[in-house]
Amino acid sequence: MKTSDLLAGIPALAGAEPVTRVTIPARLDYTYTPGAAQSRFLNALTEQRLLGERCPQCTRVYIPPRGVCPTCGVATSEPVDLPHVGTVTTFCIVNIAARGLDVEVPYCYAYVLLDGAHVGLHARIGGIPHDQVHVGQRVEPVWREPDQTGVQSRPSLAAISHFRPTGEPDADPESYRRWM
Amino acid sequence: MSAAVNPAAVPAGPHRAVGQEPVAVVGVGQTRHVSARHDVSIAGLLREAAVRALEDAELTWADIDAVVIGKAPDFFEGVMMPELYLAEALGAVSKPMLRVHTAGSVGGSTALVAANLVAARVHGTVLTVAFEKQSESNAMWGLSLPVPFQAPLTAGAGGFFAPHVRAYMRRTGAPDHIGSLVAFKDRRNALKNPYAHLHEHDLTLEKVRSAPMLWDPIRYSETCPSSDGACAMVLTGVRGAARAPRPAAWMHGGAMRSEPTIFAGKDYVSPQAGRDCAADVYHQAGVVDPRRQIDLAEIYVPFSWYEPMWLENLGFADQGEGWKLVESGVTEMDGDLPVNPSGGVLSSNPIGASGMIRFAEAALQVRGEAGEHQIDGARLALGHAYGGGAQFFSMWLVGSERPDS
Chain E
1 MKTSDLLAGI PALAGAEPVT RVTIPARLDY TYTPGAAQSR FLNALTEQRL
51 LGERCPQCTR VYIPPRGVCP TCGVATSEPV DLPHVGTVTT FCIVNIAARG
101 LDVEVPYCYA YVLLDGAHVG LHARIGGIPH DQVHVGQRVE PVWREPDQTG
151 VQSRPSLAAI SHFRPTGEPD ADPESYRRWM
Chain H
1001 MSAAVNPAAV PAGPHRAVGQ EPVAVVGVGQ TRHVSARHDV SIAGLLREAA
1051 VRALEDAELT WADIDAVVIG KAPDFFEGVM MPELYLAEAL GAVSKPMLRV
1101 HTAGSVGGST ALVAANLVAA RVHGTVLTVA FEKQSESNAM WGLSLPVPFQ
1151 APLTAGAGGF FAPHVRAYMR RTGAPDHIGS LVAFKDRRNA LKNPYAHLHE
1201 HDLTLEKVRS APMLWDPIRY SETCPSSDGA CAMVLTGVRG AARAPRPAAW
1251 MHGGAMRSEP TIFAGKDYVS PQAGRDCAAD VYHQAGVVDP RRQIDLAEIY
1301 VPFSWYEPMW LENLGFADQG EGWKLVESGV TEMDGDLPVN PSGGVLSSNP
1351 IGASGMIRFA EAALQVRGEA GEHQIDGARL ALGHAYGGGA QFFSMWLVGS
1401 ERPDS
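From first to last, the protein sequence lines are chains E and H. Note that the numbering used here numbers the first sequence so that position 21 is 21, with each residue one more than the last. Note that the numbering used here numbers the second sequence so that position 240 is 1240, with each residue one more than the last.
Derived from the structure by calculation, the hints contain no laboratory data. Where is the CB? At the ideal position from N, CA and C, for every residue including glycine. One or more hints might be untrue.
One-sided excerpt, in silico: chain H residues whose CB lies under 10 Å from chain E [to be verified]:
(1) 1078
(2) 1140
(3) 1146
(4) 1147
(5) 1150
(6) 1161
(7) 1212
(8) 1214
(9) 1218
(10) 1266
(11) 1327
(12) 1329
Computed beta-carbon distance windows for the label pairs [stated by the list, open to error]:
(13) E/24 to H/1245: 37 to 47 Å
(14) E/17 to H/1374: 34 to 44 Å
(15) H/1239 to E/17: 48 to 58 Å
Take a look, some chain E residues computed to stay more than 12 Å from chain H by CB distance [claimed, not checked]:
(16) 11
(17) 46
(18) 83
(19) 145
Please model the complete structure; the sequences and the hints are all you need to start from.
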């Protein structure tokens, strides 16, 4: 039975339009406690350093570090300063905007495996036309320069604007085959 | 299975735990999946599917001992714990009611939790229901909330999975048109399913191939729709099945597996948890050659390239060969391994319900109740769901015969 038929059976509602949509805005602001490992990582970003952590058991290097190796289940405590160069292991070109994302479309969303790391950092590739981005490409971070707003000195991944090609030859596929 | 399986993930010993009650699907109900059901509330949507499942089983609310409900994140519709206000609509007042959540795989996990309650003889007859009302949701936004430890670049599920699709294409050398073949097949199959959301009578392969890229390499035409819909099943044991008016589908195996979203060495293209889950289900059912022994599969394919990816992950094809099954027509309705004869997730995607629809469609096939999209002679069918960052898997195998017969 349609809603209008249901309402028709109630004399007091004769001719009333059924209400089928009500918009109820909701907003929540969350406070996040990053913990020790991510605090070290985020603070290092303010000094333009890429700080990963090594698992003492499997020796894999995580960036950003989450404080624990998800495979071994042990704390990662050895900080590792990673070089400012890595390899694109895969990517997509995003042509539609998601609400709340502060990035102009289209953009290239890539996994960048920093040299010495074993998980890819999720990053935007810029500085070249999108059809020239490719798997195996060598890239480096472009840091946001400090300005009066203080955005760059905030401990945030926003300290990196994007990654751009270094111009080096592509990486050997064996170097990133297992570590997308 | 061609793919390596983690031995610790597959239990040794008998195929099924001794003393388990055989589990039968005796009722299946779905709503007609559409982009917006303005005529019903969430409760009304669920009740519609549940009533149809009860009618199929010729049972009443009084025959149900417990209700197990599932949906994707509460963030989608913005209704916190919707199960709080759904008990009365689902006849669950004074009965046990349980909510399950495992992201996109939840429809499958919900059915398995319900099945396990029957198998363990905790309850005799269980109603299981899953839903999503995407017209009241913003799933893309709900999945794209910025997290402090990653650059905010993920635009919805498609944006998350597109790099994995590219990795598959690159790893296997699959030609670009495979994704379009899958999308075209599933949308054609959907024309035979009256419950499917998309009924694109005028669709051509050329239209699929020329659609714009949303998240290159994923085209608009190779992407699931946003749907309002619900699915329900009535599960029972041997005595319940004996009283059922129509043939039952019998569970021959069911399993869930999970793995972290990110870890060093994670294979996004063919996750270990998926391989282990399939191996466990096949082991329970005594399946050693899934390609030959399983008659059809309802696989969770929200983006067309996931069909060849999951064919490999599930052991239907060797690594790197899944796309060849697609290209040669093996997964077509008249192929020797039909995949998603219902039209699949690519034709209907009420997210929380999508996994249960896969499980229910597998059950309909082995009951011989699938209507126009019935696969002749279907005796053993796989229902599959995955969710999160390709990290939660739930699967079942259902057959037309009792597993202990």
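Structure-based check of all given hints:
no., hint, result
1, 1078, "holds (6 Å)"
2, 1140, "holds (6 Å)"
3, 1146, "holds (7 Å)"
4, 1147, "holds (8 Å)"
5, 1150, "holds (5 Å)"
6, 1161, "holds (9 Å)"
7, 1212, "holds (7 Å)"
8, 1214, "holds (6 Å)"
9, 1218, "holds (7 Å)"
10, 1266, "holds (7 Å)"
11, 1327, "violated (23 Å)"
12, 1329, "violated (28 Å)"
13, E/24 to H/1245: 37 to 47 Å, "holds (43 Å)"
14, E/17 to H/1374: 34 to 44 Å, "holds (43 Å)"
15, H/1239 to E/17: 48 to 58 Å, "holds (50 Å)"
16, 11, "holds (22 Å)"
17, 46, "holds (14 Å)"
18, 83, "holds (18 Å)"
19, 145, "holds (18 Å)"
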